[in-house]
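Student: Sequence:
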Amino acid sequence: MTLLAPLWLLLLIPVAALALAYVVMALRSRTAYAVRFTNLDLLDKVAPRRPGWRRHVPAAALLLMFALLVIGFARPTAEVRVPRERATIMVAFDVSASMSATDVQPNRFEAAKQAARQFVAGLPERFNLGLVSFSSSASVAVPPTTDRQAVLGALDRLSTASGTAIGEAVYSSLDAIAALDSQEETPPAHIVLLSDGSNTTGRTVGDAAAAASGRGVPVTTIAYGTADGTIDISGREIPVPVDAPALRGLAEAAGGGFYEAASGDELQAVYEDIGTSVGYRTERQEVWMWFVAAGMAFALIAAVTSMLWFSRLP
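In terms of full-length UniProt numbering, the sequence shown has 50 at position 50, counting the first letter as 1, and numbering is strictly consecutive.
Hints were generated in silico from the structure; no laboratory data involved.
Heads up, some of the hints might be wrong.
Simulated DEER-style distance windows between Cβ atoms [what the hints assert, rightly or not]:
| no. | residue 1 | residue 2 | range |
| --- | --- | --- | --- |
| 1 | 106 | 289 | 28 to 34 Å |
| 2 | 198 | 7 | 55 to 61 Å |
| 3 | 7 | 146 | 46 to 52 Å |
Each computed EDC-like pair below joins lysine to aspartate or glutamate, with the alpha-carbon atoms no more than 20 Å apart [stated by the list, open to error]:
| no. | residue 1 | residue 2 |
| --- | --- | --- |
| 4 | 113 | 273 |
| 5 | 113 | 283 |
| 6 | 113 | 175 |
No residue lacks a Cβ here, since even glycine has one placed at the ideal position from N, Cα and C.
Using the sequences plus the hints, can you model the full thing?
Tutor: Take a look at the structure:
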């Protein structure tokens, strides 16, 4: 928390002085009372029971009110998460043959499609959402649109093929974003790329990361699968371990986040986290009203406790 008008905090000095004066007066009153009545046995029989700690509540609440109001005058600010009104999200989906590995049930491909459907359904309605599929090449299955059914339908129609062109997937996503930006005011954009392997064809991941960074479009990557994944090709069992380091490098170079998921449930949790991060932005806002509201609440406590317990206002 930072303060836009910190000089107002100087008013805390008289508040502190008032608190100190109250403590001194309370101690003196207690001492004088004890000196005046030295016969404690007789005092217990004839004197009414004193309110004890309750007598300090109205004064403490009043002092807290003053302190909170002073902090409010200093105009405190804090970072607040605010939902975005608009954004463009491109989901780049790996449809290479390795996605048919069954180390994730029922297989990587079907589990990933199911998690992606839930991600699509959970994004704000005003967000533009597009879909890129990639194997040996990349193609825009759905340009950025607010039509969620178009994206869901395209996800259902995806099928696997050979090759993994991660770099081309990033370039295709950037082109789709650029085509939308030429038509209207530019909203913030983000690419979410899911893959389980290394780049095997097309332009390099490094070039793609540089292109995304140059356009100010973060690329968040998800490494999906396990180190034990295999696929069957003509009766031969071929290992297809997930290549997390390559995807981590792409995310770091493009200013995005990196995630690993080894099951359908983990992938769904990753998508939920990504949806939250891209769906909100952090901005600094003044929060003085919370301090003023708290100060007024303590003023009310001071008034109510004073009237109920002592039949007077503080």
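Student: Each hint: holds or not?
Tutor: Each hint, compared with the structure:
1. Distance hint for residue 106 and residue 289: a CB-CB separation of about 52 Å, inconsistent with the stated range 28 to 34 Å.
2. Separation of residue 198 from residue 7 is about 59 Å and conforms to the stated range, judged on CB atoms against 55 to 61 Å.
3. The beta-carbon spacing between residue 7 and residue 146, approximately 48 Å, falls within the hinted interval of 46 to 52 Å.
4. Restraint check: the Cα-Cα separation between residue 113 and residue 273 comes to about 17 Å, which is no more than 20 Å; the hinted pair holds.
5. Distance check on the hinted pair: residue 113 and residue 283 sit about 33 Å apart at the alpha-carbon level, beyond 20 Å; violated.
6. For the hint pairing residue 113 with residue 175, the CA-to-CA distance comes to about 23 Å; that exceeds 20 Å, so the pair is violated.
Of the numbered hints stated above, those contradicted by the structure are hints 1, 5, 6, listed in ascending order.
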